[in-house]
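Residue numbers (the working numbering), protein chains in the order written: chain U, 1 to 161; chain G, 1 to 625.
By construction, these hints were calculated from the structure, which means they are not laboratory data.
The structure presented is a predicted model; accordingly, all values stated were derived computationally and were not measured.
C-beta: ideal position from N, C-alpha, C; glycine also.
Do not take every clue at face value.
[What the hints assert, rightly or not] Short derived list, chain U residues pointing at chain G, Cβ under 8 Å:
# : residue
1 : 24
2 : 26
3 : 68
4 : 69
[To be verified] What the simulated footprint calls covered on chain U by chain G, stretch by stretch (three residues with Cβ under 8 Å from a Cβ of chain G suffice, anywhere in the stretch; the number is not a length):
# : stretch
5 : 12 to 18
6 : 71 to 81
7 : 127 to 138
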Amino acid sequence: MYYKKRGQAWGFDLMAAMVIFITGIIIFYFYTINTPLETGQILNTLSREGEIVANAILSEGFPENWNEQNVISPGILTKNKINDTKLERFNNLTINNYPKTKALFNTKYEYYAFVSENFTINNQQIIGIGNIPLNDKNLIKISRLTVYRNKPIIFNLEIWE
Amino acid sequence: MGIKIKSRQGVFFSIDALIALGIIISVIIILYPSTKDTKIESNLHYDVISSLSSLKIGEVDNSYINSLISQGYINDTNKSVLEQIGEFSVINPDLARALASSVLSELKTNTNIGIWYGNKLIYGLNKTPIETADNIETARQTISGIGDEGPSTGFVSKAWLKKIESKKTLLVIRGDLMCGKWTGTYCGPAQTDLIYNIDIPLNSTILNAFWLAEPTWVGQPTKLTINSDQIYNGDIQYYVILNITQYLHPGKNIAVLNSTTGGDDGASHIVIEYNTSDLQTFVQQDKFYFNNLITRAKLYQEKGIIIQNPINSMFVQINTSDAVTLSIRVGAANATIGTKSPQNGIVNFTSAEILGNLTQKGLSYSSLNNKYFFVVVQIGQAGSVKLDENSYVEIQTSSQTEIPFGSIDITQEIKINQTLNKLQNTFYRNLVWKFFLPQNSIPIIADWQLGWLWTGNSITAQTAKANGITLYNSPPDPFIPAFSRFGYTPNTASGVFKEKENNFTLDFGSNYAVSNESSYGALTYFIRSFVNFDGTFNKAKGGIRTIEFETGETKQFSIGDPTDPWDPSIDAVDDAVERLIAQLDADKNGKIDVILKEDNLEIETLDISGVPYLWSTEVQVRIWN
């Protein structure tokens, strides 16, 4: 008798422990794996997308002498320096068809590019190119170094939801 | 008791739950991802490299750079900004740091970034030190012309000969076994008039010439004349060596051997040492003329030939009024090509006839390459017989040996180094020749004409080795009665030529020997007549250098600035000239083999501050977090 009672107590306790253990595992699983870290994940995504868009803009583009009609990838550099013609074309493209540029960059996010000194296009100071972030959410800024008008400058790209 | 039991149940439950909780917490601690993403999502380091290497220092819109240019700190405005910082990093690191900071003044970033030239930090913009970084990413670029191994500016020079005053070289006229009353195995006693044509280049200066005449028979009465001047009349025991310098002149010369009892045993040779202003004198021979010979039938003459390049065809023309039997001997293997009577005083053997008969004997044209073979003519049956001039063997090869661009051909005597086991007179059974092949040279041929002596009729051992590599070994190779020629080319066997010391040995059995005095070896090779850029030096001014030539002559060369001391350890011009002299000193005896004048030397010097050269430094732009 004595031994039987002890056995019943152990079996019951074990079941209860198992339930707690499994519950803990399930909570852990949902918490660490399935529960989205929304803000961090979005920022990571924005950061990657921002690098991709910045890389595309800070390239020679494709075709190399692209224009609004034949552009596949709008890059503004020639021999690692910002080319005024390409810059103007890129500016025009964003003014005329900003959504198209997003499609060309293959991104769903908004972007805005500007440099440490203003762009000068057709003797006019341009603060930036793209969509100015007014109602931005989760904005990321990517900074790159490039050469504009024989000066190393910082090229900034802001990207947001 | 029952109370006790209940109490115990509660204890069990609590302990179990605690254990379970402990397990859960442990699992969570173990499984919860403890790593964090340390990847730096920035291309800033690549941007710095590409931007600074694309931007020329002279075109940067920067007042500080403009001031450096105006103050003369920056001399070459075509350099990239990356290169200019690199140059400053060697000569003035503080200036390099100031320049980098100025150029990158716009750079404001939260990313830690630093620029290193080699192991020298030139620019840094960081919040945390790199020593505590979790992750470092690096963009690299190598720039040339900059190095801590020496000055960032300096000079490199190369030198070459645009022409030479003269080059000492050799013309060797080799005799062949040629005589009358041929018995089938040896020459019989017969009146013989034998002509050697000696064509010396017209622009040459004859330095020295000798005739080693070794007739068919020991004690043969012989008259020797050159250009109608009799220079010897008497019995020749084994051979005579006569200085004939005074009897020769540039152009065509004729030497004649007259004898009442015999001709040439194949060891005779005439050697002319001469200077020529031609850088290149090597010509691949394709026509091999027989000597004019008047004697008694049966006339015998064998023309020794060695060809390096693959033979495509062979043609033989004999000017005579008697029937000609042609055969080809390689080693001791003999292939009879045929017997023909002359038509209009000429007998021809076509390539097809020659090759067809060679094939029947198991030989081919390729069997004749890279070793001596002998084209043998036997003419007439009785009475006086004549082999007239313009009788020759013509050989076409599938390729030609051409002198590489920027090279000089040199032919030098190969001197005997050691003799052992004298058989008679100057004839030894074991002989060693040694020669020196300069570095960067291309050997063409090593070639011996051998004064041979066979006492008795029994065959004996004959072994020839080059650098220890056996080239002929009898037995099992057949015994050669007249071992009068031996030669080899780089294609004969691998290792027969090597840089620097080389040797050639002949070893014979008990009754065969070769003379150390009447034999003659010659080496032909190409050496480069230029030296390229090499190390970098602080200056390139030149000076005065005394050069000693192989002729014994010495000359003082004033190269560049004669007031500057000759110091090849710090002067690029001096170094280039020294390297060229060393290269032209083929036998490394401190004397060069070509005679030069000052204006023969052409020297090009590069200022490596203007033309990046040789050195390189790796630029690293690192970012870290």
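Against chain G, run the beta carbon of residue 24/U and see if the smallest gap drops under 8 Å.
holds (4 Å)
Using a Cβ cutoff of 8 Å, are there at least 3 residues of the stretch 127 to 138 of chain U near chain G, or does the coverage claim fail?
The restraint on the stretch 127 to 138 of chain U is violated, since only 0 of its residues have a Cβ under 8 Å from chain G and three are required.
How does the coverage statement for the stretch 71 to 81 of chain U fare against chain G, requiring three or more residues with Cβ below 8 Å from a Cβ of that chain?
Three-residue rule met by the stretch 71 to 81 of chain U, so holds; n is 3.
Can we keep the residue 69/U interface hint, with Cβ of chain G closer than 8 Å?
violated (29 Å)
Minimum beta-carbon distance criterion (8 Å), residue 26/U to chain G
violated (11 Å)
Less than 8 Å between beta-carbons is the criterion; does residue 68/U satisfy it with respect to chain G?
violated (27 Å)
In terms of beta carbon proximity below 8 Å, does the stretch 12 to 18 of chain U have 3 or more residues touching chain G?
holds (count 6)
Hint compliance for this structure: hints 2, 3, 4, 7 are broken, all remaining hints hold.
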